[in-house]
Each structure stands twice: as structure tokens, then as C-alpha cells.
Amino acid sequence: MAYDKFNVLTSTAVPLPLENVDTDQIIPARFLKATKREGFGDNLFRDWRYNDDNTPKESFVLNNPIYSGKILVGGKNFGSGSSREHAAWAIYDYGFRCVVSSFFADIFRNNCLNIGVLPVQVSPEFSEQIFNAIYDDPNTEIVVDLQNQTITIAATGAQESFDINSYKKENMLNGFDDIDYLQNMKGEIETFANGLLL
Amino acid sequence: MSKTLFDKVWDSHVVRKIEGGPDVFFIDRHFIHEVTSPVAFLGLKNRGLKVLYPERTFATADHNTPTINQHLPVQDPLSANQLKALEDNSNEHGISHWGLGHRKNGIVHVVGPENGITFPGATIVCGDSHTSTHGAFGAIAFGIGTSEVEMVLSTQCIMQPKPKKMRINVNGQLGKGVTPKDVALYIISQLTTSGATGYFVEYAGDVFENMTMEGRMTVCNLSIEMGARGGMIAPDETTFTYLKDKPLSLKGEAWDTAVAHWKTLRTDDDATFDKELTFSASDIEPMITYGTNPGMGIGISKHIPNAEAVEGGVATYKKSLDYMGYHENDSMIGKKVDYVFLGSCTNGRIEDFRAFASIVKGKKKAEHITAWLVPGSHEVEDQIKEEGILDVLTEAGFALRQPGCSACLAMNDDKVPAGKYAVSTSNRNFEGRQGPGSRTLLASPLVAAAAAVTGVVTDPRTLL
Ligand code: SF4
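Just so you know, the sequences run in chain order A and B.
Using the UniProt record's numbering, read the first sequence as starting at 1 and increasing by one per residue.
Using the UniProt record's numbering, read the second sequence as starting at 1 and increasing by one per residue.
These are computed hints drawn from the structure, not numbers from a lab.
Each statement offered as a hint is correct.
Heads up, simulated DSS-like pairs for lysine-lysine below, C-alpha to C-alpha not over 27 Å straight-line:
| no. | chain 1 | residue 1 | chain 2 | residue 2 |
| --- | --- | --- | --- | --- |
| 1 | B | Lys318 | A | Lys76 |
| 2 | A | Lys169 | B | Lys162 |
| 3 | B | Lys164 | A | Lys169 |
| 4 | A | Lys76 | B | Lys319 |
| 5 | B | Lys104 | B | Lys385 |
| 6 | B | Lys8 | A | Lys186 |
Next up, chain A with everything else stripped away, as it sits in the complex (with noise of 0.2 Å):
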């Protein structure tokens, strides 16, 4: 499922500053029976953001207009839990390009890059700082530059430089999935195939 290429985002941001966010948050289970990839944006956080009745809870961030923008902000150890990918295509079908957190969940952060979400991993530190920007003033814009590997406050001019290995960069930067790759190198993993015991 090729996606749209990253290259700079500047956007406002969501904070949403929870730690331990597992998938089961995200997407809950029960809206995982679909058969294609469509509509999961609109259960993102379901029981977080609705009442039982469906009607939306005031208090949770995604109901709050002031705050909205491609960016989310998370707390410490966002997407542990469940490996189910429905989670990061729920992000970025509600329109999350790039998800913050001073510390991601393995498999999440796998998934993430696999679909076209950038996780952008900062220091304890930094992450305070941009809670605090964003609450000073929801407006404030973010900027996730890839190519330079950047996450920057624009009202501050605060940086901070992130982690991706090349070969994700790579695919982010020119919308391509590991299959493509994969494609390409068939006659090489049909020879290792060849040689396995079982």
C-alpha cells in the first residue's frame, strides 16, 4: 500500500500527554472486523472520545476544536499493546502524518513507518517542551523535518535532532513499502530457500 512521501511538516499539534497508550486505546477491538482498509480514522480513541449514547466527550482532546493539526503528541510508551496495524492506519486515516513521543512501542513504531506515519522519538525533555508550547498557545506550529532528521518548535526555534535508520528514510522520503524492495530481490530469497533444512 504505497503512501504519500514525507518530506517537511509544519503543522500545529494534538497533545495528548498520556503515558502507556496501548493499541487497545487506539483502535478497540471490536472495530477490527472489517475486511478492507477504510473509515478506521473515524474510531480513533473510541471510548476515550465518545459516551456509550455516541455522543462526543467534551473532555477529550480530539473533541476540543482548539487543538487540531497533522501532528499527535503523545505521552511515554505510546502504542504498546496489541500488534494490530489498524491502529497506525486509524492515525493516519484521521489525519496524523507524524506521532511524538519520548518512547514508542516496537511493533507500533514498525507499523507506523510502514504505512506512512512518522514516529519521532525525542528526549523526556523535549517532549515537556512542546507540551508546554502547545499549551501556551494551541497555534503553535511544529515543524518534522526528515531529510535533516529535525523536530523544531517554530515560536522558540527549540531543535531536536530524532533517530530513523536510512534504508525507513529512504522509503518515507520517496513513498515506498518494504515490498518494493522485497519484490526486487526474489531470486536471491528463493536461493537462501533452497538451501533450508525445513
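Fit chain B with the ligand to the given chain A structure using the hints.
Same frame as chain A, but now just chain B with the ligand:
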């Protein structure tokens, strides 16, 4: 150069190393189920790709299946649609399919090992994070996302950076009523849910050496709950005995050759790990969780810790206790229980039912308790009947359901109602995991049985 068990298996499956990038990693065995595979097959179709090695992929329906009346058509149209998609996709691509009603049907991580699909030194993936279960056999096994399912189907490979290595040693003698589940919950409570993120774990020490395969599977299953990619245990005689003569295990000379190779799958004496931790078996008591992640567990006789005493944010901790309706310093013993769930790929095997039966034998289910006893597979179900365990359960007022994931993730109708408390032998106690608003206490089959007959959280050691 000295290597760990993990190195040996990993390195022998790298097809290509990418400079500054992940390894192209070959997958020996691939399990698929109805929930995370349909979109992957759709991806194949859109790209006009075929399944490269259909004989290396195995399909079973489990996540979203009913656990009663499996002979009737599935009521929920969305669920029925997913099951149909799995069947059609498997047929179209020549993949063996153990659908609902098939003799070999059951939870993917239960049927894989019991049919001999899992083997030492294998690389195994599935679109389910508890794929780590298969590490009990000395395999590298982990959960993947749907994009990766598509990669494995089309090329039998995924792209993975090699994780760091951690060894967790537990030595000594486990006390009465302390099960493999307690060992795992104890380790997670010590490491927190992110303590092993980025690592692949090897479990070592006499506690694991003395464990049955069922116990080892329970431990490896829960590796993911401390953030690890997976966990593994070196194969030994216990492993070989378990696998010998399983339906899909190698036979005759091929078996002997394989065993000779598997015996080399051990960590070399002077191999090193990025991190090594050691715990003592005597520090572990029957465990129970009191919060909304599996790291929030304590010995059953202990009190809920103060917010200040735990690592991490106070706000998150308090939100979690609020959700559970608990307070700091509460004792867990005597807490009210409404539901009991025995099952899942963590504790849905024959040993778990034996343990449960050992407590409820000669007693009666507490009246207000709703109990769901869900075997991990038809094979487990058959064994329960053959060993006379069903009679013990029936006499104590329990009924057996049909195999599936059931209340582990509550995608089917087995949902715990909002506000109710469930003692569950499954693996996750996240908010709403067992149904919107449900409150989960993770524990061993012994603790679950003790709650089922007393109606409250009870130390199983008092009933043994
Ligand atoms: S029992 Fe639970 S954890 Fe295991 S495979 Fe099923 S849903 Fe996943």
C-alpha cells in the same frame, strides 16, 4: 565467535543485510487468522502478487469466533464476512485452512505447537503479538502488522533490524501454588511494560529448565507484555519429547537429523547479552494485577502500592486505579469478582485446565460468578474430556465452551459488562480489553479457580 541462542537462529535466517537498515529476514512458518489477514490479501491482489510459499503459511480462525453453537452460522455479519474472507483467500492461494468446525481448529498459538508446526530454531511470525508463545521451543517468534503479513505472503521475508539481547535468569524452587503465569507476571511487574522494549529475551535458569512445554509457552507468551519483541528458551529433551510424533513433526531419519541440529541451539558459555537480569524463585508468590496494564501486578497477599512508589506518572497511575475502582493501599484479597475467564493462548492448554480443576474439585462455583472456561483448541477440549476433568468441572457447576480467543480480546460475544470485575487467565488488562468498561485482574488458573469458588479474590494456597 561465541553466539547466543538468539544469534544462532537469527543469523541463519538473514537473506541480506542492508547497510544502515534492517535485515531481510526469512520466515519459516507463518500463521494467519481472520482479523489481520484480509487487508494483506487485498494488498496482494491490488499489486497482482501471488503467495510465494503457500506451504509455509497456516490459517486458523480464532479471534472472532463464537464459543457456543459453532455448528450454526455465525450471527454477526461482519465476523462472518471475515471468516469467509480467510477461507476464500486460503483456498485461492493453496494455504491449509483450519476454519471454524474443523477438527484442528483452535487458537493459533495453541494449535501450532500441538500439531508440530512449531519447531526449534524456526523463525515464526503471525499478525498477533502473542506469537512470542512459540519461543518456548527455541524459535524466534514474534507478532507483525498487516503490511508485514503481506510481505511474508508475497516474499516469505520481512525487514527487521536485529533487536538487542537480554537474558532473564530465574533460579531456585517455586513455592506452592506458584505457576509459570506468576513467574511471568512477576518479571513484568519488575521490568514494567516497557522494560524490555527493543530486546529479544532468552529465559534461562533452573525454573525454566524444570518447566513443562505448556509452562514455557505461558512465559514466552507474556514476553511482549514487558515490551520485548519476543522471548525464547533453549530446546532440550522436554522440547523434543513434546514434539516427537506430533502430526506435522518430522519423522524417522529426518527427525534424528533435526534433533542433532537442535541440540546445538544453546547460548555459548562465553556469549554476552546487552542486558542480563536475575531473579530468585523464592521471591515469587501467586500474582494478580490491580491496574490497567500487565506491569501493574503484585503478590496476591500484598496491598496496592502508593502512586509515589511506582515508576511513571502519578496522573496516569491514578487514572488507572480510578478506572478499576481501587485505591492505594487496598488489599487485593477479598476484592469482589463477577466474572472468571479461563482460556486464551496464555493459559488455555490442558495443564491450565488440570490446575483449575485441582482447586474446584469437590467445591461449588460461587453463585454470582459467571465463568467462561474456553479451551485453546479442540484437542485440548478432547483431552479435558478424556482425563475426566469435564466431570470435575460439571460437578462443581461449571460448563465448558468451544475453542477460540473469546474474552481475551472480546471481539465475539464473550464481553465482560462495564464496571464488572473479571479474574482472567489471559494476557491484557487494558481499559475495555474484555468489553467496554470491563475491569480485568490478570492471574493464573489457580487464582482464577479460587475466585470462581469463593466469589472474591482469594489466595489459592489456602485451598490447595
Ligand atoms: S487468545 Fe488473545 S492473545 Fe492469544 S491469539 Fe487470541 S486474541 Fe491473541
